[in-house]
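Please model the entire structure based on the sequences and the hints provided.
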Amino acid sequence: MTLIDLANPTRFLSLTTRLLPWLAAATAMLLAIGLYQSAMAPDDYQQGATVKIMFIHVPNAWLAMFVWGVMSLAALGTLVWRHPLADVAAKAAAPIGAAFTFLALVTGSLWGRPMWGTYWEWDARLTSVLILFLMYLGLIALWRAVEDPSRAARAAAILTLVGAINLPIIKFSVDWWNTLHQPASVMRMGGPSLDRAYLIPLLVMAVAFSLLFVTLHLAAMRNEILRRRVRALQLIQVAQASRRSA
Amino acid sequence: MSLGPYASFIVASYLLVAAVVVLLIVWIGIDYRRQKRRLGELEAGGAVRRSGRSTTDMK
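Those sequence lines, one after another, are chains A and B.
When the first sequence is numbered by the numbering used here, its final residue is 246 and no position is left out of the sequence of numbers.
When the second sequence is numbered by the numbering used here, its final residue is 59 and no position is left out of the sequence of numbers.
Rather than coming from a laboratory, the hints here were simulated on the basis of the structure.
Treat the hints with caution; some may be incorrect.
[Claimed, not checked] Derived Cβ-Cβ restraints for the label pairs, each shown as a range:
hint	chain 1	residue 1	chain 2	residue 2	range
1	A	S150	B	S8	46 to 56 Å
2	A	A239	B	A18	42 to 52 Å
3	A	R11	B	G29	28 to 38 Å
[To be verified] Where chain A lies over chain B, by a calculated footprint (3+ residues, C-beta under 8 Å):
hint	segment
4	8 to 20
5	32 to 42
Every residue, glycine too, gets a C-beta built ideally from N, C-alpha and C.
See the structure below:
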């Protein structure tokens with residue numbers, strides 16, 4: 001099966017049906033390993049046991065941005081190549097991305113209270129991630145507000161690409177402005193500054209959450225394809241009914 | 001495993017993540033069943049795709 005074949009929704013559905021059980025099993029296994037390693041990780045000399053929040057906060061924060069990146073690629077697919085699955089991919093990813101962003105914000109807040117003494121600070125990193133969350137909600141609202149999927153697709157694609165400007169702002173906000181949030185400690189010049197005792201569980205959890213996203217995304221794309229078939233059939237039924245009554 | 005004085009923050013974080021992930025899985029599962037059921041009803045009502053294939057065809 002080639003990439004061109006995947007442009008066919010029916011072939012995509014067939015592949016998804018075969019892949020999903022394996023992806024779900026791999027996700028569950030890796031999550032179990034990651035959670036065990038997170039539980040066994042030693043307390044940090046400064047943060048104590050609250051360092052364990054990092055193992056769920058950081059993967060969710062990475063995915064919050066990664067999912068928007070995936071949606072931006074899909075937006076290019078919609079606007080430039082008019083790929084039949086591009087808008088399906090973007091629309092299916094948005095609620096999942098919103099959920100990851102929400103979790104990044106709330107777990108960050110729950111980590112911030114004992115470490116910084118506050119749940120929230122209007123600094124560059126926290127505010128730019130909150131804006132990302134609001135943009136996710138805006139996109140979901142746009143898809144719901146416009147009934148014609150092709151019109152909604154183009155508007156959503158443009159909004160997604162404009163919103164992608166926020167991704168480098170989030171990433172480099174801790175370098176460009178003074179902020180309570182710590183600077184990058186994994187994806188940085190000179191390699192990760194984290195000790196292996198924390199780095200390995202964090203990377204396992206990051207891969208597990210990424211697999212979780214892929215699994216949920218494929219399942220949500222399958223739903224969206226079926227939803228569009230429902231709409232197409234309903235339109236056919238309405239057309240047939242109006243022809244009969246004319 | 002002792003979680004120290006901030007155990008409630010740690011436990012709340014993990015429970016919240018678990019709850020949202022379970023919610024996502026359940027929501028996507030319910031949505032799948034709903035779409036399949038609606039397609040089945042439309043097909044039973046005589047609606048046919050332009051290709052003539054079954055609406056729930058995944059092969």
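Results of checking the hints against the structure:
1. A:S150 <-> B:S8: 46 to 56 Å: holds (49 Å)
2. A:A239 <-> B:A18: 42 to 52 Å: Holds, since A:A239 and B:A18 (Cβ atoms, about 46 Å apart) stay within the stated range.
3. A:R11 <-> B:G29: 28 to 38 Å: violated (23 Å)
4. 8 to 20: Coverage by chain A holds for the segment 8 to 20 of chain B (8 residues, Cβ < 8 Å).
5. 32 to 42: With 6 residues closer than 8 Å to chain A, the segment 32 to 42 of chain B meets the three-residue bar; holds.
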